[in-house]
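Student: Residues per chain, in single letters:
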Amino acid sequence: MAEYWYIAEGFEERIKDFQSRKTEAEVNLDFEIPEKDFNAAGKGSSELKDLLKRLGVNSEILRRIAVASYEAEINVAAHSKGGVMYSAVYDDLIHIRFQDDGPGIEDIDQAMVPGFSTADDLVRELGFGAGLGLPNIKKNSDAMHIVSAKGSPTLLELFIYIS
Amino acid sequence: MILRDVAKLLEGEVLYPDADLDREVPCAFASDLISDILMCTKEPTLLLTGLTNNQVIRLSDMIDLTGIVFVRGKKPLPEVIKMAEERGLPIISTKFTLYRSSGLLFNAGLRSCKI
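For the record, the sequence lines run as chains A and B. For the first sequence, numbering that gives the first Met the number 0 begins at 0 and goes up steadily by one. For the second sequence, numbering that gives the first Met the number 0 begins at 0 and goes up steadily by one.
Please keep in mind that the hints were generated in silico from the structure rather than gathered at the bench.
Here are the computed lysine-lysine pairs in the DSSO-like style, where the Cα-Cα straight-line distance is at most 30 Å:
(1) Lys-73(B) / Lys-42(A)
(2) Lys-52(A) / Lys-113(B)
(3) Lys-52(A) / Lys-81(B)
(4) Lys-48(A) / Lys-81(B)
(5) Lys-48(A) / Lys-35(A)
(6) Lys-94(B) / Lys-74(B)
All chains should be built: construct the whole structure from the sequences, respecting the hints.
Tutor: As structure tokens, then:
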């Protein structure tokens, strides 16, 4: 399995601290993401944003979370056999995991290049497939982690600090 | 500029009754690519697009859209129009192209959104 990590400057210690921490999330929100279901796709991110808005998260951080989460949700719907979005809200950060059922990313570094896309015609007709999904997630996240390989499930995690 | 001015300049059809056309429109962005729209919209923005599927309305859950103009005479399906109405998101259809619509609004003083 290939692994990709992006951690924004200044967040290295906080990510390390998060990984060793034992505390439970304050709120969990899980969503099924069915394959190629573009009626449902995006609902998870929309509900997560509503929840965080009610919890009083700052609007600029809210926008970053919603955009990163939505792009990742669309990726699962557009490219995988379906998956699940697991959101965990802590007092200082949002951690979202997207776990799908494959078929995996052949070359993660290439997938990170803006403009590179493997989207099919159906997906492109809807306005997706610009090859900006992963770069956009990275741009809006404080940290991002991908584990994948051709023929395997993909795990994408993103971390955004709210305080 | 308010949305009512946008509709007038573009000879547009407002796609559901009682849409809030008195909303102030500070800036605009035009694209048919969803990732571009997400990447470039950081402030309340009028979107001009040729996309009419439900994900265009879903975008307004993630980013702050003051309204959407569908160009080239396109109109979304009734269920998509209903999604916009439920969100209180004004939507307008114009027969003009994306280029011409953008030009008309730009000439009337509507600035491009900050990217």
